Amino acid sequence: MSRTASMPAAPARERPVTPTAPGKVGESMARPDGVSKVRGEFEYSSDLWMDGMLWGATLRSPHPHAEIRSIDTSDAESMPGVHAVLTHEDVPGRKVYGMEIPDQPVLAWDTVRYQGEAVAIVAADHPETARLALASIRVDYEILEPLADAEDAMKDGTPKLHLSGNMLRHVKIKHGDPEATADVVVSGEYEIGMQDQAFLGPESGLAVPDGEGGVDLHISTQWLHVDRDQVAESLDLPPEMVRLTLSGVGGAFGGREDLSMQIHSCMLALHTERPIKMVYNREESFYGHVHRHPAKMSFEHGATKDGHLVYVRARLVLDGGAYASSSMAVCLNAATFAGGPYKVPNAAIDSYLVYTNNPPCGAMRGFGAVQACFAHESQMDKLAAALGVDPLDLRIKNAIEAGDTLPFGQKLPAPAPVEEILRRVKAMPMPEATEVMGRDVRELPGGVSNVTHGEGVRRGVGYAVSIKNIGFSAGFDDYSTARVTLSFEDGEPLVRVHTAAAEVGQGLVTLQAQIARTELGVERVAVLQADTEVGSAGSTSASRQSYVTGGAVKAACEAVRDRLFERVREALGDVGDLVIENGFVVSESGERISVLEDVVGADEIDETVEFHHKETYPPDEDGQGDVHLQYAFAAHRAVVEVDVELGLVRVVEVATAQDVGKIMNPQALEGQVEGGVAQGLGLALMEEIQVKEGKVQNASFTDYLLPTILDMPSVKMEFLELADPDAPYGLKGVGEPPTISSTPAIVAALRDATGRELRRVPVRPEQLVGLTEHPPNEPPQPGSAGYADIGRLDKRLEQ
Amino acid sequence: MPGYERAEVTAELTVRSPEDKNEAFDAAKRSAGETGLARDAGPEALMLAGGRVEVLEAVGKVLEAALEAGAREVNMKVEAEADADSFNSIDP
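For the record, the sequence lines run as chains L and Y.
Numbering-wise, our numbering puts 400 at position 400 of the first sequence, and it's gapless, one number per residue.
Numbers given in our numbering equal positions in the second sequence, counted from 1, plus 1000.
Treat each hint with caution, since some may be false.
[As the list claims (entries may be wrong)] No more than 30 Å apart at the CA atoms, straight line, and that leaves these computed lysine-lysine pairs for DSS-like: (1) Y:1077 <-> L:160; (2) Y:1077 <-> L:662; (3) Y:1077 <-> L:155.
[What the hints assert, rightly or not] Label pairs and their calculated CB-CB ranges: (4) Y:1026 <-> L:156: 44 to 54 Å; (5) Y:1053 <-> L:430: 50 to 60 Å; (6) L:621 <-> Y:1067: 30 to 40 Å; (7) Y:1016 <-> L:77: 53 to 63 Å; (8) L:90 <-> Y:1026: 24 to 34 Å; (9) Y:1078 <-> L:39: 27 to 37 Å; (10) Y:1052 <-> L:62: 34 to 44 Å.
[What the hints assert, rightly or not] Computed footprint of chain L on chain Y; a stretch qualifies when at least three of its residues, placed anywhere within it, have a C-beta under 8 Å from a C-beta of chain L: (11) 1011–1018; (12) 1058–1071.
Quick caveat, the hints were computed from the structure, so don't treat them as lab data.
Predicted, not measured: the structure shown is a model, and the values here were computed from it.
Idealized CB from N, CA, C, for every residue including glycine.
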């Protein structure tokens, strides 16, 4: 039987008091790192320090595309305080790395393919000495024309950036009748800019040689074991000689899934036989990690006159930048979700991922679904307009249901409450429309930068809904490992939980403790630092850790409990079902039949379990197959106010309903939703890495705009707890869906307010006032600002 | 969410020729490029990455091209990715 529950629609900054007592599954628990982060006391990986350590630094290419004629490190090597200057010749093992395909040089040898590519590394006794050493390295480049456009990269005759060309992947989905015709047809071109994960803690780590040829690396990352394997490969060491420990992570969102300085710091440490600390500054961080793929997408939707979808045709071109990273998987995700969470009887979808000389792109929250969702939701609004129906009703009419077949051939497993979450969002009360004139200026679109009295402010409302896979897909053997130990210390039971799962701020440490308390009935739980001493937990990505590592911890706890009860039964015979409560083993009737300490004794009970989720399969040549594991859905309603004269925006409110399976920690869930909405809002309105001819124009948080608390609306949220029968506790991953459909909902609201098409995100002020589509018929009247002297607004834009 | 599209097999080939000629490596690169599976892997190395059948087939072609062009030594390191789907059903 399914259960439904809803969270109170609390304003974003009015939180209930969180219980401080240790909690179990389903209870609100504060994160142990929360207070120290807010106070600035948290120890991030950039705070790591060891006596005698040296500082590592990286020389990067200033050119997006060039051949390296020579590298002269002699001056740097002779500088006092410089302990090592290394190039590609010093890479002991594999000179390339990559999560899916090893195609990225550890250090470039003859070609650089993006601005910021690593060419040489140094170790010095002071960061400034390291910087001076980098400056003294002479690299003779022959600058080449950058291939900066993904469409150009696909054309015949275009220079190949890699041996086998520029096409990294093409996923083709053929479903039903690709030539189907429809009564009503809408088409559109959509574009999404390059978003950055914008984690606040830049890349950093400390590599410590062990004196026996091996190395210990303390690092902020998302996937310890895949980092380790790649580092070991390039160091030409067996994996067991490379040990990784998770250090304090300042956010991730996919940007730490690929390597940054991991191999570099270890190379320097082994070469100098000294600990090496590396910390990127903010500018370097923009060059040091992958970003969200920019995309250009052409969509055509056909429907019957009464509004039932007949077909979706789509062509998506994603710019992977210079190296593959996780682009192959992003390409598949974009293809599989191009139809959206709708009944689509016929589909023809082509998703292309190509190499260019732009910054490498890879994992970011939403992972291919973000791009597709912006396009399919824009199309649904367009279709609703063509049909003359309410856009939300059109979505409800076409909402996919459990048992329906997705365009890639997989039958959608239950629960799939798409219609229900849309109805929930529809039913939520709208925010009060307050009078604009005379309002506190801080509540106008643009806040204090709005110099009007709000005469041009218009309100708009928009909706969107999304589908996202949870967990790794397409045949990958996805699992996590947990070691759980029950012992007694100082007369008290203690459970230790050890995994390699990266806590990146999402609350996984708290969740592991909740699960252990729930399963073992013991209050004292210690979650050990994640490292590679225990088996792999996979990556903290794909919204998967609650499912997979949560499942592993639960299974390991169950194994410990089984052994404990076995001891009781050996001593007392068949005593029926047992539970652990308050330090006792308790029978079904509530009788305390054993003292827990007596059963455990001096021996620990120690179990290590691998938890594998059910199998998935790669798609066939028509893009068909049981590709994904689990599906999560979210619906969003955005209410915005736009100053249509100035192009300024205030997002008044975002309301959302999400299908979460089981609420494991209400406070953490609320945080995920608010954070996801913030990131979706950022993509809708401001966040874009500006790249011109392969060069990043805004590698700083001064120029890369991020939403602040002043930009955040209140977020109303409701959750559906419909258990997934295959998942631990019935849970679904929750991290990504809030980001995916919040962006198109906000853009739909902007369209509603302005009447403009808005085909590209982030939406810029000039799009909102129409300057990018049509110059105004009536130019703004010259006023005291002196327009008469400096020219018409639209003319100035052309200059 | 990377990893699940990880190449099933990688083959890294290092091609060495007599004296200072690089014709053999160039030939190997050209042949590798045509397979659709190839990337650079170092000053004298290239990488073939993909499905087991495709990579092993490509290795033969690249070796042939390198030897034909005068290579005297080709070192090869072939690695299978245990997490790739075709290995799921094989017990370690």
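Return the numbers of the hints above that this structure violates; sort them in rising order. 2, 3, 4, 7, 9, 11 and 12
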